[in-house]
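All letters in the sequence shown, in the order written, are residues -14 to 113 by the working numbering.
The set of hints was computed from the structure by calculation and includes no laboratory data.
All C-beta atoms, glycine included, are put in the ideal place defined by N, C-alpha and C.
Hints may be right or wrong, so weigh each one.
[Said to hold, decoys possible] Here are the simulated distance ranges between beta carbons:
1. W50 - G85: 18 to 26 Å
2. G26 - G71: 18 to 26 Å
3. K100 - K58: 38 to 46 Å
4. K55 - Y98: 16 to 24 Å
5. N22 - S76: 31 to 39 Å
6. Q18 - W50: 16 to 24 Å
7. E57 - N22: 28 to 36 Å
8. Y98 - G48: 15 to 23 Å
9. N9 - N37: 18 to 26 Å
10. G(-10) - G85: 16 to 24 Å
[As the list claims (entries may be wrong)] Dumping the calculated DSS-like pairs for lysine-lysine here, alpha-carbon to alpha-carbon at most 27 Å:
11. K65 - K55
12. K72 - K54
13. K6 - K55
14. K65 - K54
15. K72 - K55
16. K58 - K6
17. K72 - K6
18. K55 - K100
19. K100 - K54
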Amino acid sequence: MFGLGATTRIYLAPGATDMRKGFNGLYGLVRDQLLCNPLSGHLFLFSNAQRNRLKVLFWDTTGLWVCAKKLEKGRFHWPKAGGTQGKIVLSHEEFAMLLGGIDLAQTERRRWYRKPVVEESGSSQIPA
């Protein structure tokens, strides 16, 4: 399947998405609503109005993935965007909590240091 590297961003589309949308429909939402490049290798999350279905769009350099999850009971606690923001950026930990049923609005984000990841073309260097 696909792995999430340190440089992989996770974008969440606030509001409801028509879950009948497939590859082309979600591609258009990423491009036009989220204002992102669908072929960037980042994850893009969408949910329906009832918050019991989730779709993920992902490009792995050979093609697009569309993954879906339908909850038998319960709902995803979908974050709400503030202001005119067209997308929400989640950390890898927040993504795991969202999929695990944790309400992100009830959690508190603490100040946390993260060393910025610098992408170098052509080589992968691991600090000693």
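Holds or violated: K72 to K55, with C-alpha atoms at most 27 Å apart: 22 Å, holds
Given hint K54 paired with K100 - CA-CA distance at most 27 Å: Roughly 33 Å between the alpha carbons, so the hint for K100 and K54 is violated.
Satisfaction of hint between K54 and K72, Cα-Cα up to 27 Å: 20 Å, holds
Agreement of K65 and K54 with the hint, judged by alpha carbon distance not exceeding 27 Å: 20 Å, holds
Agreement of K65 and K55 with the hint, judged by alpha carbon distance not exceeding 27 Å: This hinted pair holds, its Cα atoms lying about 20 Å apart.
Pairwise hint evaluation, K100 against K55, where the allowed Cα distance is 27 Å at most: Violated. K55 to K100 sits at ~36 Å, over the 27 Å cutoff.
Pair hint outcome, K72 versus K6 [Cα-Cα no greater than 27 Å]: 18 Å, holds
Beta-carbon spacing of W50 to G85 - inside the hinted bounds 18 to 26 Å or not: Check passed, 21 Å falls within 18 to 26 Å.
Assessment of proposed distance window 18 to 26 Å (beta carbons of N9, N37): 24 Å, holds
Distance restraint evaluation - N22, S76, Cβ atoms, bounds 31 to 39 Å: Since the Cβ atoms of N22 and S76 sit about 20 Å apart, the hinted range of 31 to 39 Å is violated.
Pair hint K58 and K6, alpha-carbon separation not exceeding 27 Å: Answer holds: K58 to K6 is near 23 Å, not above 27 Å.
CB-CB spacing for K58 and K100 relative to the 38 to 46 Å hint: 41 Å, holds
Violation of the numbered hints given earlier is confined to hints 4, 5, 8, 18, 19; the remaining hints are satisfied by the structure.
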